[in-house]
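Student: Single-letter residue listing:
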Amino acid sequence: MTAGGAFDPRRLTIARWAASLTKRDLAERSGLSPASITQYEAGRTLPPAATLAKLALALGVPVAYFERRNDRRRPDLTARSYFRSLRSTPQRERDRADALAEHVFDLVDHLDRLVTLPRPNIPQIAPRSTTREEIERIASEVRQAWDVPDGPIANVVRLLEANGAVVARLHSGGSRLDAFSRWFGDRPLILLWAEKADKARSRFDAAHELGHLVMHTDPDPLDREQERQANMFASAFLMPMPQIKPYLVARAPTLSTWPEVMQRRQHWGVSAKALLYRSREIGTLNEPGHRRAMIGYNKYGYAKRDGTELGPPESPLLLTRAIEALGEDSQKIAGDALVPLALIAELLSQPVPVPSPVPVPARSLHSV
Amino acid sequence: MIDPSDFTLKALARNGVSPKVIDVAIRMTACLYAAADDVADTTGEDLFDDSNSRGFSLYRRGRNRIVKEFEDDAGVRVSTASNALHVYVDDCVISFYSARDGVDRPSLSGTSRTKRGVATEMQMQMEGMGPVEAPRRLVLMHHADEEGLVGANIGTLREGREWIWTATVYDRFGAEDVEQDVTEEPGYEERDEAELPPIERRDDADEAQSDDASGS
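Chains W and E supply the protein sequences, listed in that same order. Sequence positions in the first sequence follow the numbering used here and run 1 to 368. Sequence positions in the second sequence follow the numbering used here and run 369 to 584.
Hints in this document: simulated from the structure, not taken from any laboratory. All of these numbers come straight from a predicted model, not from anything done at the bench. From the three backbone atoms N, C-alpha and C, an ideal C-beta is built for every residue, glycine too. Don't take each hint at face value.
Said to hold, decoys possible - Under the rule of at most 16 Å between Cα atoms (straight-line distance), these lysine to aspartate or glutamate pairs were calculated in the EDC-like manner:
#: 1; chain 1: E; residue 1: K378; chain 2: E; residue 2: E501
#: 2; chain 1: E; residue 1: K378; chain 2: W; residue 2: E260
#: 3; chain 1: W; residue 1: K196; chain 2: W; residue 2: E93
#: 4; chain 1: W; residue 1: K299; chain 2: E; residue 2: E530
#: 5; chain 1: W; residue 1: K273; chain 2: W; residue 2: E328
#: 6; chain 1: W; residue 1: K332; chain 2: E; residue 2: E530
Stated by the list, open to error - Part of the chain W face toward chain E, derived, beta carbon under 8 Å:
#: 7; residue: L114
#: 8; residue: V115
#: 9; residue: T116
#: 10; residue: P120
#: 11; residue: I122
#: 12; residue: P152
#: 13; residue: L159
#: 14; residue: A250
#: 15; residue: R251
#: 16; residue: T257
#: 17; residue: G269
#: 18; residue: K273
#: 19; residue: M294
#: 20; residue: N298
#: 21; residue: S315
#: 22; residue: L317
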């Protein structure tokens, strides 16, 4: 790559977001000034080759990463990411999440050309109304379309992957981000966060994001109604009627009946909180009963151990299998896909390389 | 009317409560339900009653119904000694008390020597050697309002103020129960996961890579 017009300023911003660096952080790490970073990201100044090499080294990406490529598919700018806790999530964490999503997609785009990935098969069903019955119907249709047997779902993440959704579990660098999803062309991507060790929550999150992908062609992260629908979808998808009915709770559990609730939620692979909510939703548990149940949930310590007692969260497999099928080393894949090596390492559960913070002499950079 | 859930029955069995004791607890609760219903119908502000008189009426009417309920049951003995009611069945004693702050907040504190005695017996039972296989002392705490019985829980108290374990015998807000027979279907962990289709390197992968390298 030359230092001419091929430089894509947006790629610099994306790489910086993915590394969770402020402009000042990147300036310090690369030996440049914060003002220069601003100029480069705004596209007002083109970085010379030696500077690009410094930036690449500081960000752990190949120099070619910064190339403007017209064949690089970008996420639909109107399709914003679904951040369930948008208001409480810092902008920096959201930026990193968006950048990671883009990197994962760059990798998927690369892999898609070289290996046989499952064809995307996400039904698109717009709700005709916002009633619970309508959302139940949609969840039931998706289960039918995917030939999911009646009863609990063994592995939600694997079911999504088998139907062509790319699911990745990555470290967000924060703890406030919820799972999110977005479309890249016809390929759906769901990002789950490694910081969340709650299996029940993770299964629910994955089903929640599936609800968005199925129902909402015009997503709006601030739309509470869409969030409500996605929650109802997840609830109905994981605990479908009528099979869930015998497992629903009819009375606020007491100290002695809580273990029975925990056994029932274990059967379905959901949290007790979700089972109680479903009981209220279906109407077996009334509002005062649900309120008392939630008081007991916190009082007796179930809130702290509800999801973690189910074991570790489900692990995505699709990307790992695809990388293995390629039969190439991580460095080469990262270089060819133009993504940070750290991403490949994390997906393969390898030690994540840390980019050097020490600027290197300019004369050695041309070979990078 | 008094139809404890599957949860309650399992919880009681888990705590060593015999079927006969469970049956007695249900029948005692039915007596309290009828008494609370009766008190709600025949007392009230318009009759110049206050909550204390309603509570006292409920105690007496509940007690008398329970005495009547078990008078012909050879396996059950009812005692009204010490101005309290105790039901003896299967080496277990059940006493009933009102929980004016709700069955979730029971209290046997106060000046009554009998109440303190019951609390002490439960405490000694708890501090006995090893787990209790069959509880010998239980309390049935009930709560009623101007519309009748709100709830009744049976269990064992710690220091007379906190449930060590308890099970709901009646809950007005959960009275519309549903079928609770949980089938023995395999749980989510015992089911087959969806399978990923085989992922293989494409035949034209090398060509695609050389195209990428040349930037075309």
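Student: Are the hints correct? Go through all of them and say.
Tutor: Checked hints:
For the given pair, K378 of chain E sits about 15 Å from E501 of chain E by alpha-carbon distance, which is consistent with the 16 Å threshold. Restraint check: the Cα-Cα separation between K378 of chain E and E260 of chain W comes to about 8 Å, which is no more than 16 Å; the hinted pair holds. For the hint linking K196 of chain W to E93 of chain W, the alpha-carbon distance of about 15 Å falls within 16 Å, and the restraint holds. A distance of roughly 13 Å separates the Cα atoms of K299 of chain W and E530 of chain E; the hinted pair therefore holds under the 16 Å criterion.
With a CA separation close to 44 Å, the supplied pair K273 of chain W and E328 of chain W exceeds the 16 Å bound. At most 16 Å may separate the alpha-carbon atoms for a hinted pair to count; K332 of chain W and E530 of chain E exceed this at roughly 64 Å. Annotation: interface hint on L114 of chain W holds; nearest CB of chain E at approximately 4 Å, less than 8 Å. A least Cβ separation of about 5 Å between V115 of chain W and chain E falls short of the 8 Å threshold, and the interface hint therefore holds.
With a least beta-carbon distance of about 5 Å to chain E, the hint placing T116 of chain W at the interface is held under the 8 Å criterion. With its C-beta approaching chain E no nearer than about 13 Å, P120 of chain W sits outside the 8 Å limit, and its interface hint is violated. The beta carbon of I122 of chain W is not positioned within 8 Å of any beta carbon in chain E (closest approach about 14 Å), and the interface hint is therefore violated. A cut of 8 Å between beta carbons decides the hint on P152 of chain W: the least distance to chain E is about 4 Å, and the hint holds.
Taking 8 Å as the C-beta cut-off, the interface hint given for L159 of chain W holds, the closest approach to chain E being about 4 Å. Nearest Cβ of chain E to the Cβ of A250 of chain W: about 4 Å, under the 8 Å cut. The hint holds. At a threshold of 8 Å, the smallest CB-CB gap from R251 of chain W to chain E is about 3 Å, leaving the interface hint in force. Here the hint on T257 of chain W is kept, as its CB sits about 4 Å from the closest CB of chain E, short of 8 Å.
Interface restraint check for G269 of chain W: the shortest CB-CB distance to chain E comes to about 4 Å, inside 8 Å, so the restraint holds. Hint on K273 of chain W is violated. Least Cβ distance to chain E is approximately 17 Å, over the 8 Å limit. The restraint placing M294 of chain W at the interface with chain E is violated, with a minimum CB-CB distance near 13 Å, outside the 8 Å limit. Hint status for N298 of chain W relative to chain E: violated, with the closest Cβ pair at about 13 Å, above 8 Å.
Annotation: S315 of chain W was flagged as interfacial toward chain E, and the flag is violated, the nearest CB pair being 12 Å apart, outside 8 Å. For L317 of chain W, the interface hint holds, the least distance from its beta-carbon to any beta-carbon of chain E being 6 Å, beneath 8 Å.
Comparing the model with each earlier hint shows violations of hints 5, 6, 10, 11, 18, 19, 20, 21; every other hint is respected.
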